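From first to last, the protein sequence lines stand for chains A and B. The working numbering numbers the first residue of the first sequence as 6 and each following residue consecutively. The working numbering numbers the first residue of the second sequence as 4 and each following residue consecutively.
Source of the hints: derived by calculation from the structure; they are not laboratory data. Here the structure is a predicted model, which means the values were calculated and not measured. Watch out, some of these pointers could steer you wrong.
Unchecked claim - Below, simulated EDC-like cross-link-like pairs (lysine to aspartate or glutamate); rule was C-alpha separation at most 20 Å, straight line:
1) A/219 / B/180
2) A/275 / A/360
3) A/341 / A/272
4) A/219 / B/96
5) A/341 / A/196
6) A/341 / A/507
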Amino acid sequence: MPIRPPDRLIARLLVAGVLLGSLASCARRGACTGDYCGTVVIAAAGEPDILLPPVTELSTSRDVYDQLFLKLADLGMSGNTIGDEDFQPQLAERWEWDGPVTLVFHLDPRARWQDGRAVTAGDVVFTYDAYTDSLVNSPFRSSLRLISAVTARDSLTAVFRFRQRYPEMFYDAVYQMRILPAHLLRTIPRDQWRSAPFGRAPVGDGPYRFVAWKAGESLELAADSTFYLGRPHIRRVIVRFTPNLQVVTTQLVAGEADVTEQLGSPDNVKRACAAPQLACYPYKGAAYGYLGFNLATPGDSTKPHPLFGDRELRRALVMAVDRTRLLRNVFGDFAKVPPGPISQLAWIWDPETRELPHDSAQAARLLTRLGWIDSDSDGVRDRAGQKLAFRILVPTTSASRRLYARLLQEQFRTIGAEVQLDEVDLGLFSERARTGRFDAVLYTWNTDPTPSSSIPQTWTQAGLGRSNHGRYVNPAFDRLADRAVGAMNHAEARRLWRTAIEVLNQDAPAIFLFAPDAVAAAHRRITDVTIRPDSWLALLRTWRIPGDRLTDRDRAER
Amino acid sequence: MSAWIVRRLAAAIAIVLAAVTLTFFLLHLAGGSPCGQRDVQSVAPEVCARLRAQFGLDRPIWEQYGKYLWAVLHGDLGQSFWQRRPVIAALGDAMPNTLVLAGTALLIDFTLGLALGVYQAARARRFGDIALGNAALFVNSMPTFWLGLVLLLVFGQWLHLVPVGGTHDPVLCARLDSLHCVGDRLWHLALPALTLGLVGAAATARYQRAAMLEVIAQDFVRTARAKGLRERRVLLVHALRNALLPSITLFGLAFPFLVTGAVLVEWVFAWPGMGWLAVMAIGQRDYPVVTATALVASGMVTVGNLLADVVYAAADPRIRVRGA
């Protein structure tokens, strides 16, 4: 005789489910009302490593510690890094030039560390010393190399002395350094800063104070109601860690997160922007991507690459690629073809910059003229027994670059070049790129607001052994870049950069493929959302949720 | 029996050591460095070189291995390159989440699996049995992460019945200090545990059905029925108790399988457990964390196996005699 189906069990499970659901949906109500309430959940693709500014270069760390630590002054919305006129006061209420190479900052006397101590010029001196200390080993150390000394004139006056006069002195003095509390960090040995407990529970002087960090899950900040530059409107900020942008988008669409910096792929953008509760905020992206040719033999930088050592061959390959079509395929309307090695964020972005045209017929003719013909009718050109074949190094972690690699493979095939793909994980990818073990590499750089650091690091003689993995060197380009870096006015710098990039484009050391737009998303109940492209959360303290739009979650107490 | 256990224990230690050694060398031979995984231009080569020296990565690999083993023997799993804190602290945060997930999944696996197996055996070759058998086969043949994505899409995104990720609501339940927050945690656990448990339950049901059918055909079951016992009692008390032996073995093996199998589920559901930690650490070339997760996972697998063997040997002396 068969047993009776477990009706009772099913019924019990259903009741348990309903009870569980009721428990979970029964929210705790808080009492906060008015203009300074509101809780924002930021979905981040990744997790900070540490919250001590000099020892981390992760953007997820920076987004958080920028709410905790102040700079002396910060970049304005224009993004202009030349001179000081477009910078906004932060810790320094004002500054003046005391001669051509001396910059004097006057600290705001109202500034306080969150443990109550006053912020002093001694903290500024301590911070500079830490950033430039080899024991701290800060990734930002090189950006301070032209500052010779920082001293305290009195408790509220810090004096910066530079080695020479140049256009971005002010930018160098303020942009990378977040002022640190000397009284809390002085006792920690500098070589232990990277693992100091302070970095996981910091005390700052910014608009928000650190509350808690649950590894792998979330991090919480609370508004400092006494912040001297104005109390932040959003009371609680929770950064929720997720593994990737797809999960970020899912959490936003499902209403489990309120804000994100970047949605990433066009699919994610469409999904998020279609959600009725979300508003999308496009802004200039800080990245550009390219197919870089290795001009040296892989593994032996003293010899030219058997293919890419030839400038004319590189030019033919550049002309063979329809960059606009590739871009549409991969990014849709959410990226632009860069006119050179620059992101949209760079103020030297100029669509009029001269580039090699897309002309596959001319590319084919050029290859034939160079002696590359398909002598054995196998579809691949060859010359003196050598096939026109090479490999593209691409990271498995980037869906867009993997797609690009396949599309490039196909475009090169049509002109008789055979391409194999080396898809490797990001760690190995970066190491192979850095050590020159590749033919061509699909690279993406995230750049600073200034071209003066990113371009020389990647495309000049000075970048060899640093980020110039393709070993491109043209003294004419180097000279132009030097002049552009040293140009004292904006228009002249812009003109010189354009000329320099045109020289580089003619040499074809790379095919500049994409400069993505960044698209942030935020819940519609959040107003006054202003995003500064170089640091999307820089103005978070001015965002707000009007009283009539507050939800129970906004009012909830911790 | 005790000599047998000691021998199995020694074998288990050797297996864990082999797993850790293999992980250590494979990871180092795979290339990459903890400094080289970021597409930013600010990390100068000299900064990387100093970091490598600080982490001891500039030393010969045998020296690194020797130092690592020595430290592990002294209970020191090292410092995470990426999280900038002791590995033991990172594991301490991740492990409870994985144990909760795998434990719940195991509960679902065996509760549902045994129930379905018994139900199918009782209705062998009838519609219910065939339908459930096919459904179980379908679920069992699905990759766990894919099932997770489907459940996430349907119940999380379309129907909004359950949360789409994480272990709790960070706004309302930052601390586990109320009944509401206990419910919230269980609600967040539901979908990942179900994903992991369903696949296991499908397999368990098939094992249990086969074992039950074998037992049901035996004389003592017929005798029980002849005595006039109710069919439910015959099945659940007499037959099931004797058909549980294969499930005991399965139980011992399932837990470590669930722990390691949770990797992709944790990734899909943004569940910050050991799997998530391992995947992030591999990407960051955080050697100490990866090796430690391998140590813990292989430890769990071998201990699980060992426990299954011990329980099985205790239940069936023939195993012990053969193994002696």
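Do the hints match the structure? See the list:
Proposed proximity of residue 219 of chain A and residue 180 of chain B is supported: the alpha carbons are some 16 Å apart, at most 20 Å. Between residue 275 of chain A and residue 360 of chain A, the direct Cα distance comes to roughly 32 Å. Violation of the 20 Å bound is thereby established for this hinted pair. Note on residue 341 of chain A and residue 272 of chain A: the hinted pairing holds, with a Cα-Cα distance of about 17 Å set against a maximum of 20 Å. Proposed proximity of residue 219 of chain A and residue 96 of chain B is supported: the alpha carbons are some 8 Å apart, at most 20 Å.
At most 20 Å may separate the alpha-carbon atoms for a hinted pair to count; residue 341 of chain A and residue 196 of chain A exceed this at roughly 43 Å. At most 20 Å may separate the alpha-carbon atoms for a hinted pair to count; residue 341 of chain A and residue 507 of chain A meet this at roughly 18 Å.
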